[in-house]
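Q: Please put together the full structure from these sequences, using the hints given.
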Amino acid sequence: MNAGRTIAIGLMAAATLIAGCSIQPWVKPYERERLADPVMKFTRDPLSDKHREHVFDVREAAHGATGVQGGGCGCN
Amino acid sequence: MAQRCLRALAAGGDRPACAGGARLAGLLGGVLAAANAKGAELPEDRADALFHLYDGGGVTALGPAVLIRKSLFDQVSLTGSYFVDMVSNASIDVVTTASPYHETRKEAGFGLDYAYHDGLISLAGTHSKEPDYTADSVSVDVTQDVFSGMTTVSLGYTRGWDTVGKHGSPRFSAPANHWQYRLGVTQILTPRWLMSLNLESVSDDGYLQSPYRVARVFGAAVPEHDPSTRTGHAAMLRVIGDIGSRTSVRALYRYFWDTWDIRAHTVEAGYSRHFGDRWLADAYFRYYTQDHALFYSDNFKIEETYMSRNRQLGTFWDAGPGVKTSYSVGRFASRFDIKVDAGYQWLRFKYSDFTDIRTGKLYSFNASVLELQVSATY
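Protein chains in written order, with this note's numbering: chain A, 1 to 76; chain B, 1001 to 1378.
Hints listed in this document are in silico derivations from the structure and should not be mistaken for laboratory results.
Note that beta-carbon positions come from the ideal geometry of N, C-alpha and C, so glycine has one too.
Some clues are possibly wrong.
Covered stretches of chain B (chain A as the covering partner; in silico rule of three or more C-beta atoms under 8 Å from a C-beta of chain A) [what the hints assert, rightly or not]:
#1 1046 to 1057
#2 1141 to 1155
#3 1199 to 1205
A: See the structure below:
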């Protein structure tokens, strides 16, 4: 019974994956003009990002996942 | 246009991010097959000159920074950067255990981006030097547009090598090594909304403490001793949306956890809009909070193997609003689009388990961050 249930769940998962493969892009290229506006960028200035990242990196324990790279320092 | 939309994010120093999981794997399986054959676009050519200032908690750090990016042969883009931090340090750690000091940190960076079909391969390196600390790093990132440009997937790796020194002890030299692994996805949700999910793991090994800082045991100062290994993980979700009139709103949340038992949350919300053809303004608010590390104490009751009174590892929060304005000056020499930016952020830091031993009260301070920048795109 348990094996049957596991197989059924596996088949449903496989069906979900196959369904995922059939998803078509739903925002056409000609509909993306607004996304190119500067106000739609998560960040705009790499130097400013780097400085801001550095300010927090040397004062907070958390770091990473911000997409900004930088060298280490001993400036706590 | 799709690639321009998403590639522009990468050009801004943002690595589109992503998550794993079977559903995503299925989605990507399909979209990889559906990806079109257009070429990827390189980040925009630009030159930036920045003056930056941080002032708070007895520390003033200021200096210039420059960045130049230039593409070659339509497929390669080179970047060079130089960042200077002139630090006057009279922080509470310094004034209660040593004498205020001045020093300069200089960081040089280079980068190479190579566009190949719908992908972008980026190599980068940095070298940072200050009198008692040097840090070198190299990184590689691969970004790929899929799903007809609606999704951008990225993978990245950075290796870092630091050497810790000590003023007055020329023989003191200790290594610290770092490994960073990144995974991300940026997804167009609708014609007006974008989201990204970034995951990053960082492993550190070596001398991860400060040769100057002390811990307290029954009020007596003893050298701090941190573990020599640490692994941290961060997951960040960002959403940005156009709400009309060339105006956008955005929000992010990041959760961080590590093997030192630190748990941290970062939340930020922002608003951006154009005023006329030349002005662009941003306003945002950022909040951060964290719990202390396992081996952190304001004043240990018994002597332990690992002991730290580094307030960066303590329990605290910081928060504050920020504003930024950009003014497009216009085109010069028929080629250079000039832009001037000014940004300011106010911050409040408040500690829950770090005492100012001069007053006996819990420590807190305010800080200001200022940035002035001139940019040219060409």
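Q: Using C-beta distances, would you say chain A covers the region 1141 to 1155 of chain B, given that this needs three or more residues below 8 Å?
A: Satisfied; 4 residues make the cut.
Q: Apply the coverage criterion to the region 1046 to 1057 of chain B and chain A: a residue qualifies when its Cβ sits closer than 8 Å to a Cβ of the chain, and three qualifying residues are needed.
A: holds (count 4)
Q: Closer than 8 Å, Cβ to Cβ, for at least three residues: run that test on the region 1199 to 1205 of chain B against chain A and report holds or violated.
A: Since three or more residues must qualify, the claim that chain A covers the region 1199 to 1205 of chain B holds, with 4 doing so at under 8 Å.
Figure legend: structure checked against the earlier numbered hints; every hint is met.
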